[in-house]
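Chemist: Quick one: dock chain against chain with the hints and give me the complex.
Residue numbers (the working numbering), protein chains in the order written: chain C, 1 to 324; chain S, 1 to 385.
Note that these hints are calculated values from the structure, not bench results. Worth double-checking, as some hints may not be accurate.
With a Cα cut of at most 35 angstroms, we get these calculated DSBU-like pairs of lysine-lysine [said to hold, decoys possible]:
#: 1; chain 1: S; residue 1: K95; chain 2: S; residue 2: K157
#: 2; chain 1: S; residue 1: K273; chain 2: C; residue 2: K41
#: 3; chain 1: C; residue 1: K92; chain 2: S; residue 2: K273
#: 4; chain 1: C; residue 1: K25; chain 2: S; residue 2: K273
Reference listing, derived: stretches of chain C covered by chain S, where coverage requires no fewer than 3 residues with Cβ under 8 angstroms from a Cβ of chain S [stated by the list, open to error]:
#: 5; stretch: 71-79
#: 6; stretch: 84-93
#: 7; stretch: 287-294
Where a beta carbon is used, it is the ideal one built from N, C-alpha and C, also for glycine.
The primary structure of each chain is shown beneath.
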Amino acid sequence: MSAASDQEVLRVENLTKHFPAGHGKMVHAVDGVSFSIQRGKTLGLVGESGCGKSSCARTIIRIYEPTSGRIFLEGEEISHLTPKQMLPHRRKMQMIFQDPYASLNARMTVQDIVAEPLRAHHICASRGEEREMVIDMLARVGLNQDHAGRYAHEFSGGQRQRVGIARALILHPELVICDEPISALDVSIQAQVVNMLRAFQEEQGLTYLFIAHDLSMVRYVSDDVGVMYLGQLVEKCEADEIYSHPLHPYTQGLLSSVPIPDPVAARQKESVGLEGDLPSPIAPPAGCRFHTRCPYATERCKQEVPELKEAGPGHFVACHAVNS
Amino acid sequence: MQAASKWERVASGIGEADRLYSKPRSFAGDVWFRFRHKPTALLGLIIIAVLILFAVVGPFITPYGYDDQNTKFANIPAVLQVYPAPDGHWLYITKALKVVEVDEQGNLVQQLRKGKDDAANKVTVYPYGDGLTVTLDYSQTPAAIQDAEGNRISETKRLWNKTYLLGTDHLGRDILSRLMYGTRISLMVAFIAALVNMVIGIFYGGIAGYLGGRTDSIMMRIVDIISTIPLTLYVILIKVCLDDGLLSIIIALSSVYWVDMARVVRGQVLSLKNQEFVMAAQTIGSSTRTILTRHLIPNAMGPILVTVTMLIPSAIFMEAFMSFIGIGIAPPLASLGTMCNDATDALRTNPYQLFLPAIVICLIMFAFNFVGDGLRDALDPKLKK
Ligand SMILES: Nc1ncnc2c1ncn2[C@@H]1O[C@H](COP(=O)(O)OP(=O)(O)OP(=O)(O)O)[C@@H](O)[C@H]1O
Ligand SMILES: [Mg+2]
Chain C
1 MSAASDQEVL RVENLTKHFP AGHGKMVHAV DGVSFSIQRG KTLGLVGESG
51 CGKSSCARTI IRIYEPTSGR IFLEGEEISH LTPKQMLPHR RKMQMIFQDP
101 YASLNARMTV QDIVAEPLRA HHICASRGEE REMVIDMLAR VGLNQDHAGR
151 YAHEFSGGQR QRVGIARALI LHPELVICDE PISALDVSIQ AQVVNMLRAF
201 QEEQGLTYLF IAHDLSMVRY VSDDVGVMYL GQLVEKCEAD EIYSHPLHPY
251 TQGLLSSVPI PDPVAARQKE SVGLEGDLPS PIAPPAGCRF HTRCPYATER
301 CKQEVPELKE AGPGHFVACH AVNS
Chain S
1 MQAASKWERV ASGIGEADRL YSKPRSFAGD VWFRFRHKPT ALLGLIIIAV
51 LILFAVVGPF ITPYGYDDQN TKFANIPAVL QVYPAPDGHW LYITKALKVV
101 EVDEQGNLVQ QLRKGKDDAA NKVTVYPYGD GLTVTLDYSQ TPAAIQDAEG
151 NRISETKRLW NKTYLLGTDH LGRDILSRLM YGTRISLMVA FIAALVNMVI
201 GIFYGGIAGY LGGRTDSIMM RIVDIISTIP LTLYVILIKV CLDDGLLSII
251 IALSSVYWVD MARVVRGQVL SLKNQEFVMA AQTIGSSTRT ILTRHLIPNA
301 MGPILVTVTM LIPSAIFMEA FMSFIGIGIA PPLASLGTMC NDATDALRTN
351 PYQLFLPAIV ICLIMFAFNF VGDGLRDALD PKLKK
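Just chain S, same shape as in the assembly (with noise of 0.2 angstroms):
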């Protein structure tokens, strides 16, 4: 149209109007639309994809297996501080004071075999290549190398471990790889427990709340009995008779997380069941399962989702502190959880090995945490802007 005409009569017609609608939004659309809109939300879900990459994609990318250990090379941390060697490469001194040599680009050559200790003056010798030798000079705290003068060398640089990216716990095994296979078993613990949840939660509070009455009252004090039996005692339970840490936790995570989701899907349906539109389908005849299936549950379906976003993150919390304690994963397995119980001995001399794991579990839980907020955000209409 030309902007001459623009305040001349248009002519009538149905069509004209409909053209003006904007473009059809379906539910799920407009929930994306302020979903992506929100940026903790959006960034906790770009975690969460990284996340799974991480667990999914990296053990097939990195060389070491979660139980590939050299203990040669143990407790060696992801950033080196080196003394320089004779011959160009560079010398690490753990903190049992073993001597590591490391090449220029930071990959781990070998561990020094001993020499000569001279424990009058606190200084051992190693043999470096050939015929040269290392000095080790313990008596000051921390130890260093000294030169050829028989000085400390305080000159110091800092490498980035390339052997092991992210260094080594206890025994020599690399964090970074078990990182991945932790992510990998939390992340599966927690969606394996998200879906069986949703599934019985789903099944079970739609049913209970679409029948009510006496049959509802059964089916939740049921519920109620369930949710006082604390979760560890069925992961012990449950262990005994499996002998299977992964296992048993999933079990037990399944078997007592739905109450929560039954007691969502219940409210929703008791709710929802009064409304017009479920009336309308009883009174065209609409089967039970039809009226769960296609009018009960998908009107559920945003406290649902906030209700599985919010109980993966407990779930993956549970798992690590099953695992933690020693009633989950068994080693050598490697979990975040028990990643952090190897840690806790040595946590005064080397400290990072508790805290990748747990920044790992801290990450997670902040993801999950922040992708149930958006969703729920979203959900609301009442909050639409």
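With the rest of the complex left out, here is chain C (with noise of 0.2 angstroms):
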């Protein structure tokens, strides 16, 4: 067991987040989520827009106070301390945000936003000594020193991100959340952050939570894939299974909405597609949440839950219609 919790970065058991929506309701955004992350690895995390994933990723790093649930974060239990206690942790995860433009304050110089983490953590003894961390940070970002004194609107949309992954990085934590780093990006620049982020995990075994809304990068940089409906995980496994054999309706539903390259393939595969808006979050529907929306929906899913059941090796999936 040791062994075990000792490769494992980050775990997650029934984490919940609801927020309070008004008049005694409350956002289901995240609602019983499990999984955990290897030393070294990437777990992409899917969804529609609005199903819960930001929630996720801000409860696990605590900027959310969980409503429910226990995040282990290298063995060691962090879902209810005080900030104070927090501290420490805070320096082994890190996140990268969706939006360049909105993560980065726009009063301060590139300088002082990578060195932020530096100086919360009261890392560096003087201020030349900073100074060369940020640039060495920023040298490997591919950004040059001339870029340290500038203002975040100076730059383009990628540079801002590679701004964005300096200051996660600086402080060499175990463990990176990645929301959506990529799609405020061009198609061009996509690929080069994400290649930047391949090779820091490389280089520093870092272990990645890799959040984003289409199926088609997350298989790029995967080990394993989540995919979440409404505030819940659905389906569960490696990257490359779930395309291959995906086996969740909304999975399904997901893939068909992936440009395929082929148009030969393209014409062959059968179109699922999603129909339907996503449901609103302050009230779920009961039993499987995507009934709502699934083309095999029966009587049993309107009322029983499906749980996260093993269907193939590694492979998890909640569905009646596949666990059955």
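Modeler: Have a look at this one:
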């Protein structure tokens, strides 16, 4: 057990996050999500917009207080630590944000932005040392010394995202949560940024929780993939497996919306597609939350909540049709 | 690079692309750039600078204090309509039918001592110098000086009052000097009130907005309560305790005006704190203090500055108003408000005594409003052309 938890960088058990929505109602942003990530691996988390991916990430990194459930970082439980107790753990866990414009303070220079983690954890003894570390880090993300004195608004989206990555990696964290780090970028730059993230992973043995709302990029970066729907994990398995054998109807629907480079294959592929909109997370449907949009929904799906069960080796899925 | 090679391929390199960047401009530089391209804003700034100079340096230059009075020269305006005197000097007749001797340059020399009064003919004879006399004829309005033959002199001349450049008030005090002291008090009240309000407002609003929830509700209800009590009441109450007009006005303004600032800052912080850069700071582990002082407040600085520049004219007006109705600055201290008040009694005969301080009040308010407007436009990137 101890060997296993040594390998395990992040473990999440039954994580739940509800936001008050007024009038005593709750937004069920995250509802009983469990997973773990091994050292040096990447878990891709996919799902439509609004299914709770960001909320899940922010709860794990403890910007949001979890409603219930437990979070273990390198075997230590961090779910209910006070901000002060949390501080040493923050060094081990960093986040890269989706919006390269909103995630950098417009009133700070790149030098100050990247040095902020160093200052928060009192790592450098002097300003000179700090500056050296920042410039070293900037060089590693493909920026140079001249960029350090500039303000974020003078950069392109890709360059900004590099600044964000530099800020996240300067503390040499174990776990990096990437919340759609590339979805706001140009396609040409997306590849650059993803390759850079992969290079860092190989170099430092980083562990990633990689969030995206489409499956195409996730396949390239992830070892495992988890599919989220309305705050719940509905399918989880190896990245290649999910493309070759998607079991959950929702995953199949998501995959059918991925453009296929080969037109012949595209025509052959039966199109399931996703119909309808995401139901409100304030009053999620009873039973299987996907039943309102599922082409295979039965009476049982409307009443009974499916459990995440192993349907094949290492392939977990929460669907009555698959599991029975 | 030569012109011939203009269309040739340039060797690639990161440095080349970076050099094409325009000079980096900080946020403040950007704001200043936009601000200075707005004429009214710049005008406002210049007026404020001149007024500050006027109020700070002026009192050192003028020979009169704010309470130096010479009742002999009371109610004398800036521009004098003068009659020739027998010896080449000039004579000015005040509204109270006093005759004042003025030299060629316009310096006031003396008020003539009354001689024989001939009530039947409505003339008064004043001895003037060595055996000469001057006759004031008040049989018609306006009163006039008679020449040697006893005819009213119709030929008059306008002279600028060199002794009191802007004239004197009803007690013979120099209006220009009093304006300097009055402006000084106005600006002082304004800046102290602005500073205090900024400090209290930013901290109070920042904490309420950042902590949110219950703390926020309680703190904002306190703000609501404070803002419903009328300001005049505070000033009167504080003045009863302190017996010092200036201090009580400053304390009253400081204890009330910050509520607007607190509301603005709270609103800003509320909207900023959910932005990703604040979350980034939280995930990094930055302290609440760092987040407030390095992230939230600098980003809220625009609206804060605009609120301050808009608050200043209102504080200035409040001080003038309080002094005008007599619960502010106590005489003989000069404030623009007390000067206006003093002038109201003689408004019909000496309107300049009211207009001069009123013009200064207007100037100050205009200037600060212009600057506030300019700042708001300069700080709003959406209006960026
Ligand atoms: N701070 C909050 N307060 C209240 N509700 C929230 C909050 N944050 C998120 N939600 C709600 O939780 C649900 C999940 O939002 P979340 O941002 O986690 O989705 P997401 O999967 O990241 O979507 P996207 O792909 O658009 O980023 C949404 O319905 C959202 O409205
Ligand atoms: Mg999101």
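Chemist: So, for every hint listed, does it hold in this structure?
Modeler: Here's how the hints hold up against the structure:
1. S/K95 to S/K157: 17 angstroms, holds
2. S/K273 to C/K41: 32 angstroms, holds
3. C/K92 to S/K273: Roughly 23 angstroms between the alpha carbons, so the hint for C/K92 and S/K273 holds.
4. C/K25 to S/K273: Judged against 35 angstroms, a Cα distance of about 23 angstroms means the pair holds.
5. 71-79: Violated, because only 0 residues of the stretch 71-79 of chain C bring their Cβ atoms closer than 8 angstroms to Cβ atoms of chain S.
6. 84-93: holds (count 5)
7. 287-294: Coverage by chain S is violated here, the residue count being 0 at a Cβ distance below 8 angstroms.
Checked against the numbered hints above, the structure violates hints 5, 7; every other hint is satisfied.
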